[in-house]
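Generate the whole structure from the sequences, applying the supplied hints.
Order-wise, the sequence lines are chains A and B. Numbering-wise (numbering that gives the first Met the number 0), the first sequence opens with residue 0 and increments by one. Numbering-wise (numbering that gives the first Met the number 0), the second sequence opens with residue 0 and increments by one.
Keep in mind the hints are simulated off the structure, nothing from the lab. Any given hint could be a false lead.
Straight-line alpha carbon distances no greater than 25 Å define the calculated PhoX-like cross-link-like pairs of lysine-lysine that follow [what the hints assert, rightly or not]: (1) A:K7 / A:K121; (2) A:K44 / B:K299; (3) A:K82 / B:K299.
Some but not every residue of chain A turned toward chain B, in silico, with C-beta under 7 Å [said to hold, decoys possible]: (4) G32; (5) V35; (6) F36; (7) L39; (8) E56; (9) E71.
Quick reminder that beta carbons are idealized off the backbone N, C-alpha and C, glycines included.
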Amino acid sequence: MSGLKYSKDHEYLRIEGEVAVVGITDYAQAQLGDIVFVDLPTIGKKVTKGGELAVIESVKAASEVYAPVAGEVVEVNAELGEKPALVNEAPLSGGWLVKLRLENPAEIETLMDEAAYDGFLKTL
Amino acid sequence: MTAQPDLEQAPLARLPLDAIHRSLGARMAPFAGYDMPLQYASGIVSETLHTRQKAGLFDVSHMGQAILAGAGAARALEGLVPADILGLAPGRTRYTQLLSESGGILDDLLVTRLPGVEERLLLVVNAARKAADFAFIAERLPQFDFLPLNRALIALQGPRAAGVLGALLPGAEGLPFMSWRAFDEGVSSFFVSRTGYTGEDGFEISMRPDRAELFVKAMLQNPDVAPVGLGARDALRLEAGLPLYGHDLDEATDPVEAGLAWSIGKRRRTEGGFPGFARIGAALRDGSARLRVGLAPQSKAPVREGAILVSQSGEIVGNVTSGGFSPTLQRPIAMGYVAREHARAGVPLATELRGSRIGVDVAPLPFVAHRYFRTDAKGA
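Printed below as a string of structure tokens:
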């Protein structure tokens with residue numbers, strides 16, 4: 000098991016203590032196609048669950064990324080400024096988007112584990 | 000991440016080559032009532048670059064093809080479009096626009112005068128407009144035979160296109176730009192024109208739907224050829240500065256402000272005799288209040304269709320009608336309309352994107368130079 004948690008909007012969370020690393024899943028990056036720009040939030044921004052966290056621009060369209068849980072942005076992936084394609088190439092590692100300090104860690108339980116997410120993908 | 004746009008309500012028509020697209024790993028999307036390949040596995044950037052470097056194969060069978068036939072058809076069509084159709088030699092093709100009574104663009108199209116004794120014009124129109132165009136033409140020109148064609152249409156574009164097609168249809172490689180020839184191969188002919196909408200040399204090949212599969216498979220066997228979807232087609236035409244109907248052209252826009260005055264025949268500028276001549280003649284004489292221009296966003300984020308452009312003094316002076324990311328130039332590019340006094344390369348304008356102000360400079364078109372096949376010094 001990867002230990003990742005997933006939302007139905009195709010974001011993932013990797014819990015590192017009180018902080019969650021947030022990115023989009025491999026399925027999501029494939030759906031978006033070639034990513035050319037990632038608009039990341041400012042550090043310190045507080046987001047509610049379901050609120051806008053980032054905007055990913057592919058060649059053809061802009062897509063919003065929603066916060067899977069509430070929290071405060073404590074770090075963003077500055078490498079994406081020069082290399083937005085990292086989200087395509089390594090969405091689960093080098094292509095992460097932001098780190099959130101969790102406001103309510105219990106919210107994690109509302110997300111899917113990997114087996115549930117894989118099952119969810121099969122329904123699409 | 001947001002869901003993909005809602006699917007259209009009406010059932011989607013399938014292309015004759017639908018199964019081939021799916022077997023090539025296409026991601027399909029609804030467009031103009033058709034289930035169309037948006038991109039293949041390699042993606043929009045790679046498909047765009049492949050077309051610029053080698054040859055891209057596009058299924059554009061959703062577009063409308065029709066023949067207008069009968070003595071006097073060329074003169075009669077001049078009553079609907081501003082191009083010189085009477086002066087079109089057999090086997091030659093011209094770009095023009097169907098115009099409304101007020102000179103607005105109802106669609107843009109290619110017109111070819113077919114060789115032969117009978118006076119016949121082959122028309123190729125946009126998919127989203129074909130039903131309306133065909134009804135309009137049949138109603139306006141009832142004395143002629145108007146025959147919509149059920150044929151597949153495949154575009155092969157890029158610097159290697161001539162070599163690829165010439166190997167399958169010998170002689171095609173020598174066809175001049177903007178000309179047309181029928182190749183008789185068995186039971187029905189292939190119509191080949193040296194045209195396209197990418198800025199590259201290339202061809203559009205029309206054939207009976209039941210002949211398309213073998214032909215496309217033969218082209219795809221050549222390692223220089225890759226299938227290319229609608230996403231890259233849009234990027235290519237934007238890089239080439241070519242306007243897209245429904246985005247950069249519409250019924251409110253006349254050909255002069257759209258930067259298409261070059262397609263209005265010299266004789267027709269003085270004679271008129273096409274819809275909207277009062278407006279278009281005045282625009283040719285006095286200039287238009289607004290003009291289509293290239294736009295270079297000074298940002299890493301693309302500026303999209305619908306963005307409002309303001310001048311240095313904050314006055315609204317235009318809007319973006321197409322915008323995206325150029326795979327060839329690796330930066331955002333766009334086109335739109337701006338007031339005449341700002342329609343000069345280098346003029347700094349601005350727009351707002353997600354709360355931030357972004358500089359947008361007026362830029363010359365095309366962004367990527369055209370590389371059409373020219374057989375003489377004058378050009379076609």
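Here is how each hint holds up against the structure:
About 12 Å separates the Cα atoms of A:K7 and A:K121, which keeps this hinted pair within 25 Å; it holds. Taking the CA atoms of A:K44 and B:K299, the gap is about 22 Å. The hint holds against a cut of 25 Å. Annotation: proposed proximity of A:K82 to B:K299 holds, straight-line Cα distance about 11 Å (limit 25 Å). A cut of 7 Å between beta carbons decides the hint on A:G32: the least distance to chain B is about 5 Å, and the hint holds.
With a least beta-carbon distance of about 4 Å to chain B, the hint placing A:V35 at the interface is held under the 7 Å criterion. The beta carbon of A:F36 comes within 5 Å of a beta carbon in chain B, closer than 7 Å, and the hint placing it at the interface holds. Using the Cβ-Cβ criterion of 7 Å, the hint placing A:L39 at the interface with chain B is not satisfied: the shortest such distance is roughly 11 Å. Given hint, A:E56 at the interface with chain B, holds; its Cβ is 5 Å from that chain's nearest Cβ, closer than 7 Å.
For A:E71, the interface hint is violated, since its Cβ never comes within 7 Å of a Cβ in chain B; the closest pair sits about 20 Å apart.
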